[in-house]
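Asker: For the record, the sequence lines run as chains A and B. Take the first sequence: its position 99, counting from 1, is numbered 99 in the working numbering, and each next residue is one higher. Take the second sequence: its position 75, counting from 1, is numbered 75 in the working numbering, and each next residue is one higher.
Keep in mind that a hint or two might mislead.
With the Cβ distance kept under 8 angstroms, some of the chain A side facing chain B (calculated, not the full set) [stated by the list, open to error]:
1. G42
2. L43
3. Y50
4. G52
5. A56
6. K57
7. N59
8. P70
9. D71
10. Y100
11. Q103
12. F105
13. P107
14. G108
Residues of chain A placed beyond 12 angstroms of chain B at every Cβ, according to the derived structure [unchecked claim]:
15. V4
16. T15
17. Q17
18. Q48
19. R63
20. F64
21. N77
22. S86
Simulated pairs of lysine-lysine, PhoX-like, Cα-Cα distance not exceeding 20 angstroms [as the list claims (entries may be wrong)]:
23. B:K71 - B:K56
24. B:K5 - B:K71
25. A:K9 - B:K38
26. B:K101 - A:K57
Honestly, the hints are just simulated from the structure, not real lab data. Note that CB positions come from ideal geometry on N, CA and C, so glycine has one too.
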Amino acid sequence: DSGVTQTPKHLITATGQRVTLRCSPRSGDLSVYWYQQSLDQGLQFLIQYYNGEERAKGNILERFSAQQFPDLHSELNLSSLELGDSALYFCASSTRWTGYNEQFFGPGTRLTVL
Amino acid sequence: DQQVKQNSPSLSVQEGRISILNCDYTNSMFDYFLWYKKYPAEGPTFLISISSIKDKNEDGRFTVFLNKSAKHLSLHIVPSQPGDSAVYFCAATTITSGTYKYIFGTGTRLKVLA
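Please put together the full structure from these sequences, using the hints given.
Answerer: In structure tokens form, the structure reads like this:
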């Protein structure tokens, strides 16, 4: 158990809808990262927050947004969903904001868009 | 453009023998590399990392080798155990214009045969 929690575990929705994925980092970790893993693909970095502020941005679509709240939990909002958004979404956390440290991953949320 | 490549989707090794997992990268600006292990239905777990100023890092049964001139990274597991059966991802980090990039390979599925 990494100490990172993600809810929900599974989510099934329809095209055009909007969903929110939630992540609670390990106790004491200030950085939160979001990744997308599509079928047979590697993890694609989406975005990083550190102590409530955006620190790094990857290949995140404009239809996607995220935020980190004062209690350090984070939410990833996906809107106008398309079939291709079906994937595993992982949240990770770390103590520092720099990239030179290990990340602790949650179990993921599996999103299915029908 | 896949900047981090794991060209072997799968690998089978006999228990007790050495497992060698390979990773190639194209961006010479990557300066920190990590290996993660992933079991089904779980998030990736950090294994070992190496800075670009080193060419080897060892932790127990796991050793990572970095060949900067060849832009090649490898993970050696000795001796291999059935519990090592998992998907292994290599990841690379760099900082560009003050923002970090985190790039993952597509993974290699290791099967250790008892």
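Asker: Take the hints in turn and mark each one as holding or not.
Answerer: Against the structure, the hints come out as follows:
no.: 1; hint: G42; verdict: holds, 4 angstroms
no.: 2; hint: L43; verdict: holds, 4 angstroms
no.: 3; hint: Y50; verdict: violated, 10 angstroms
no.: 4; hint: G52; verdict: violated, 17 angstroms
no.: 5; hint: A56; verdict: holds, 4 angstroms
no.: 6; hint: K57; verdict: holds, 7 angstroms
no.: 7; hint: N59; verdict: violated, 10 angstroms
no.: 8; hint: P70; verdict: violated, 23 angstroms
no.: 9; hint: D71; verdict: violated, 21 angstroms
no.: 10; hint: Y100; verdict: holds, 5 angstroms
no.: 11; hint: Q103; verdict: holds, 7 angstroms
no.: 12; hint: F105; verdict: holds, 3 angstroms
no.: 13; hint: P107; verdict: holds, 5 angstroms
no.: 14; hint: G108; verdict: holds, 6 angstroms
no.: 15; hint: V4; verdict: violated, 7 angstroms
no.: 16; hint: T15; verdict: holds, 26 angstroms
no.: 17; hint: Q17; verdict: holds, 25 angstroms
no.: 18; hint: Q48; verdict: violated, 7 angstroms
no.: 19; hint: R63; verdict: holds, 21 angstroms
no.: 20; hint: F64; verdict: holds, 16 angstroms
no.: 21; hint: N77; verdict: holds, 21 angstroms
no.: 22; hint: S86; verdict: holds, 17 angstroms
no.: 23; hint: B:K71 - B:K56; verdict: holds, 14 angstroms
no.: 24; hint: B:K5 - B:K71; verdict: holds, 11 angstroms
no.: 25; hint: A:K9 - B:K38; verdict: holds, 17 angstroms
no.: 26; hint: B:K101 - A:K57; verdict: holds, 8 angstroms
Going through the hint list in order, the structure does not satisfy hints 3, 4, 7, 8, 9, 15, 18.
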